[in-house]
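Chemist: Below are the chains, spelled out letter by letter.
Number of protein chains: 4
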Amino acid sequence: MEPHKINVFTQNPTRPLDVTTKSIGQLVDGMLYTGFQGRKLAESVQAWDNMLKEEKLTVMMGLTGAMVPAGMRKVIVHLIKNRMIDCLVSTGANLFHDCHEALGKKHYVGSHLANDEELFRHGVDRIYDVFAFEEEFRHTDHLIANFAKTLHGRRMSSREFIALLGKKICEEGNGDESIVGSAYKYGVPIFVPALGDSSIGIGLTIARREGFDVDVDQIKDVDEITRIVEASGKTGVVYVGGGVPKNFIQQTEVVASIMGADIAGHDYAIQYTTDVPHWGGLSGCTFDEAVSWGKIAAEAKKVQVFVDATIALPIVVHALHEKKLNDKRKFPLFIWKENGCLDIDFNTF
Amino acid sequence: MEPHKINVFTQNPTRPLDVTTKSIGQLVDGMLYTGFQGRKLAESVQAWDNMLKEEKLTVMMGLTGAMVPAGMRKVIVHLIKNRMIDCLVSTGANLFHDCHEALGKKHYVGSHLANDEELFRHGVDRIYDVFAFEEEFRHTDHLIANFAKTLHGRRMSSREFIALLGKKICEEGNGDESIVGSAYKYGVPIFVPALGDSSIGIGLTIARREGFDVDVDQIKDVDEITRIVEASGKTGVVYVGGGVPKNFIQQTEVVASIMGADIAGHDYAIQYTTDVPHWGGLSGCTFDEAVSWGKIAAEAKKVQVFVDATIALPIVVHALHEKKLNDKRKFPLFIWKENGCLDIDFNTF
Amino acid sequence: MEPHKINVFTQNPTRPLDVTTKSIGQLVDGMLYTGFQGRKLAESVQAWDNMLKEEKLTVMMGLTGAMVPAGMRKVIVHLIKNRMIDCLVSTGANLFHDCHEALGKKHYVGSHLANDEELFRHGVDRIYDVFAFEEEFRHTDHLIANFAKTLHGRRMSSREFIALLGKKICEEGNGDESIVGSAYKYGVPIFVPALGDSSIGIGLTIARREGFDVDVDQIKDVDEITRIVEASGKTGVVYVGGGVPKNFIQQTEVVASIMGADIAGHDYAIQYTTDVPHWGGLSGCTFDEAVSWGKIAAEAKKVQVFVDATIALPIVVHALHEKKLNDKRKFPLFIWKENGCLDIDFNTF
Amino acid sequence: MEPHKINVFTQNPTRPLDVTTKSIGQLVDGMLYTGFQGRKLAESVQAWDNMLKEEKLTVMMGLTGAMVPAGMRKVIVHLIKNRMIDCLVSTGANLFHDCHEALGKKHYVGSHLANDEELFRHGVDRIYDVFAFEEEFRHTDHLIANFAKTLHGRRMSSREFIALLGKKICEEGNGDESIVGSAYKYGVPIFVPALGDSSIGIGLTIARREGFDVDVDQIKDVDEITRIVEASGKTGVVYVGGGVPKNFIQQTEVVASIMGADIAGHDYAIQYTTDVPHWGGLSGCTFDEAVSWGKIAAEAKKVQVFVDATIALPIVVHALHEKKLNDKRKFPLFIWKENGCLDIDFNTF
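Protein chains in written order, with the working numbering: chain V, 1 to 349; chain Z, 1 to 349; chain L, 1 to 349; chain C, 1 to 349.
A couple of the hints might just be wrong.
Same chains, same names: a pair is fine if it fits in one copy or spans any two.
Claimed, not checked - The list that follows gives simulated cross-link-like pairs (lysine-lysine, PhoX-like), each with its CA atoms no further than 20 Å apart: (1) K168 - K149; (2) K337 - K185; (3) K328 - K106; (4) K234 - K330; (5) K323 - K337; (6) K149 - K106; (7) K105 - K56; (8) K323 - K53; (9) K22 - K324; (10) K22 - K81; (11) K149 - K185.
Hint data in this document are derived by calculation from the structure and do not stem from the laboratory.
The shape of chain V in the complex, shown without the other chains:
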């Protein structure tokens, strides 16, 4: 055979991964030269690492799936405390489960093969292979209802409500290991665009039926998160799953553009997902599709990794931890004004 002319497609050989004693970060670096989702996982670490080196960039995370019952609570707390994320959009459920653990309750190692009728008879709720007590959940429901009652007559965004909840959790003394507590303490805003659709919403409904009214204003949520995008130089997004949190962050670019901002789509985009593009849903759609909408910049670094987040998050966040041990990052400090406006200062961490 003739010696083969290397063409543009074949500049960069794969490097078979060899098995040696190495750190998590070294392992991930080695996976950059493999293929398929292993490489994508490594590329996501690289993209996140680069994102954190940017000037005036705000990192927004969308969080879905029962990540707290699945033991990912402190991983998210680590991201908040070390400002590897600056803003969190979550399902209500994850924050409910976070409060539940902050209040000293537990989730339990269970089995996905358990008999559900028997579990029901024992008052045990199943989340795939994690168990919890229904009675303890209801206890937390009522604590949230009681907390809500103290806010009777107020109208606020979910960000404001969750910040108050985080303050309360901190006052109870368990804040530092909690998502809502550490977010409150470290100034990371949390939005819950579908708060009613969760046990926090159940707590609020209990209060409502007893005549107490907290009005969580979902349109204020849209307004406020759009202000974050409008006031940030650049934005990077990290989606754990898809669902409402992904769409809610994606649509900020459209809202800001309609409002007249010169916005060209998020600048970095990472998603850990088990959904796929071909069902046509927003959860699984590619970031390329998002380019057509102007939600993601055409030139953005885009990494979609098809993997369960309970595998991805431990690896990725430990690798980032290793890479960022001595880094100082300029992160955004959000200053919310009385009139609803937002200023951002970028501080050195």
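We have chain V; now place chains Z, L and C onto it with these hints.
Modeler: Below, chains Z, L and C alone, put in the same frame as chain V:
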């Protein structure tokens, strides 16, 4: 070989499906004796058919995925007009796209292989293999903003807001082919638990930033849908996809139970989904898992079909149409009281 | 808003599917103007229909998954008898199960939630939600072993072996409803590239251990199927699942090209699959990827439908049946020569 | 709230994973107390670790997917050299790609978004996001053809053929980094049940058409691998993907049982898969389903992890490497007799 003693597991042989000229209903009936998801699809038709024969049963549908862009709009309208569903919980997006088409705009047959940068330059948004004009979407955004301005100062549930929107669409003369229009006309309540997270929410945000305030009260949504469950004898659920609509309907049983109702879980449960149980999320979890929570009755008929809804809905609804041509069903008529309470009358259709 | 200039991307609006009394073929035709996998399913019918109108085209089907236990046996037989396929590449399992039913044994409607230890104690094997008797399977194993013993000392391709088995099944009087029987009768060659990996292989191993030797020559399989491609004007492929059958048919284009044929890839390509491209495997890879290899022609009609075959096959084959009731097709008649060569005559059906 | 009586389901709380500097093995150990697939991945390491501590246990691995192009070659070599597996059942493709790299050729880091028509014009084959030169592949095809010619007239199992190929690769000097080379050197038998269905099969077909005949006897494969099971005390299985290799190893228990062995199913079972149970196929079916068939012992440790192998293998094998640094394992030494029989000696490593 000895003649084999038939045991309890082997009473019912599969019947190889033969290919003849037959109707859609006959095809589906034949699939009851096959295996895998083909059988499950047939079982879902059987379950839905049985559900509609029950006395004092309310059918609640959860709707996710871009079903309207994918051409499923009239299929949902058919379910509403023929009261094969009594209550709809939807993403905002599907209702936005429904209004968009009601206003004479189109979605277009596209390709999932299109170049998204080129689409962006042409102002074309891609939803997998469906296209639409961004400029036309923004036109509809502003029409919704203008409609919202007419409601300045009001606070209401998403059900009330969508009903007013449906009334408006009907007045414009295009209601009958529209989901929100026909739901208004036929008395089917529609809830949108994450209304902010959609282009309808964008319209509301435009109005908000211009100083007009419509307050869509998400906790009222939880309260109202719980009242439907509390006032119904039985409930059946049909989920197209999962997401917030599935969880929102599932949690009604928990809320009603906490509120003191003697509630034992939904009595029929059907889901068409492309998600799977093993990621641990609510979207893909089995109805068996839901039994542990008391969301689904242990003895309920439970059918989870793993299939794209754009395949399932056309087949299932045509089969139901064929089976129900001459049926009269007693469906619930919802009478919402001033004080927020709900009465249900079961009428013959 | 300004009237919008229609561009190249938006010539063809989607048409919401309305629900009326219609035939299966009409339903599928209507789905051509919807989106996502519903449209893809309709496109696959259109492509297959067009394929059958071509002159001098050979249709090759790859068949995986437990399609016979799942009740798809007569659907495949229909395709064979009506020459909607001309050549079948299958797992051994499907043909084993086909023989099993031809010999009067049954598969049973079961449940995917059964207790497997209890099934084991009752001698019942589970295939997801289909049951069968292990003892009956072993009876069929031994019948195949006995048949193999009659071929002691012979060496043949799997095509030749399966044809002899089909002849035997026909002689037993049950051939017409059987895949191997009808394929024998109607001259449709069947290849099983991994025959050892199935209960037919178990039967052959039983015979082997008792001193009888049938040598199923897998390299002769590669040679023979390549000759089909070499002697056909055009080829169309239909994959039910992926696995070895898909790769085995795909690689024929590469083999023929290496052997010097002027081959440019299959001309039509349809796949019904539940696998996805992003795991990097051949089963789920796109037909576009196959273009890079020269396995599929760049200009070929390519339709990949993400759906369980037990849903797709009933609908697609009934729709084809409806469309083809009065069609005459010129199908290939294979004349295998003593020297291993192949002539093809294209006959009118 | 009353202190809650701990019941049998809730003995073992989940432990939120905290992010600290830790080794890969420590990370995996921590994931044992989380949930979902993250926990399953950790359980698979624990199960594999335990398997290697058993006396007289043979570990059989099934390998599918384009693992070598994806950079997993040395990971498999590590498993062979350190006898973390004792027998390998593979697709032909992985061994072809292994030979390709052993012969100094490369795979390349590519993109899954490349234009496939353009790749075709440049002679570049795409495997999802990995590229290779078609011309170089054909070069390797011919080298295998030439090697096959040297075996003209011989009939052998795929195990024997691959061992001879491994010997040849070792003689060329590149054996130690190669799967077939190290397997030859370390006495790990490799079976390829569908050898024809791969580029190695293409090489054999080239030789065949030129008049050289190597007869790879697939029934001998079934016989030989069954002998491994018959001669082993216990067996553990590890499936990377599913496909033919999984079924081929699973069916050994059935064959051995039919042959009269007192066999009760494999004793450990691990699968890394992206397939799911509900399509009814063998690739994705649960190990519980396999219990009904007697392929897996009811009391076996069974772990099915839903994850791309290019993510799982690097983590799992590095964790095992860390745990096994100082372990001595008694591994099976296979002594193949002239008459086709097999003796196994269990040696200390």
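Chemist: Decide, hint by hint, whether the structure agrees.
Modeler: Consistency of the hints with the structure:
1. Proximity of K168 and K149 under a CA criterion of 20 Å is satisfied intra-copy only: 13 Å inside one chain copy versus 37 Å between copies.
2. Proximity of K337 and K185 under a CA criterion of 20 Å is satisfied intra-copy only: 18 Å inside one chain copy versus 44 Å between copies.
3. When the C-alpha separation of K328 and K106 is checked against a cutoff of 20 Å, the pair qualifies neither within a copy, at 35 Å, nor between copies, at 40 Å.
4. Taking identical chains as interchangeable, the C-alpha atoms of K234 and K330 lie at most 20 Å apart only when both belong to the same chain, with a minimum of 13 Å there against 56 Å between chains.
5. Taking the shortest alpha-carbon separations for K323 and K337, neither the intra-copy value of 35 Å nor the inter-copy value of 55 Å comes in at or below 20 Å.
6. When the C-alpha separation of K149 and K106 is checked against a cutoff of 20 Å, the pair qualifies neither within a copy, at 25 Å, nor between copies, at 47 Å.
7. When the C-alpha separation of K105 and K56 is checked against a cutoff of 20 Å, the pair qualifies neither within a copy, at 39 Å, nor between copies, at 40 Å.
8. Taking identical chains as interchangeable, the C-alpha atoms of K323 and K53 lie at most 20 Å apart only when both belong to the same chain, with a minimum of 12 Å there against 36 Å between chains.
9. Taking the shortest Cα distances, K22 and K324 sit within 20 Å of each other both inside one copy (17 Å) and across copies (14 Å).
10. In the homo-oligomer, the alpha carbons of K22 and K81 lie at most 20 Å apart only across protomers (19 Å), although the nearest pairing inside one protomer, at 27 Å, exceeds that limit.
11. For the homomeric pair K149 and K185, neither the shortest alpha-carbon distance inside one copy (23 Å) nor that between copies (38 Å) is at most 20 Å.
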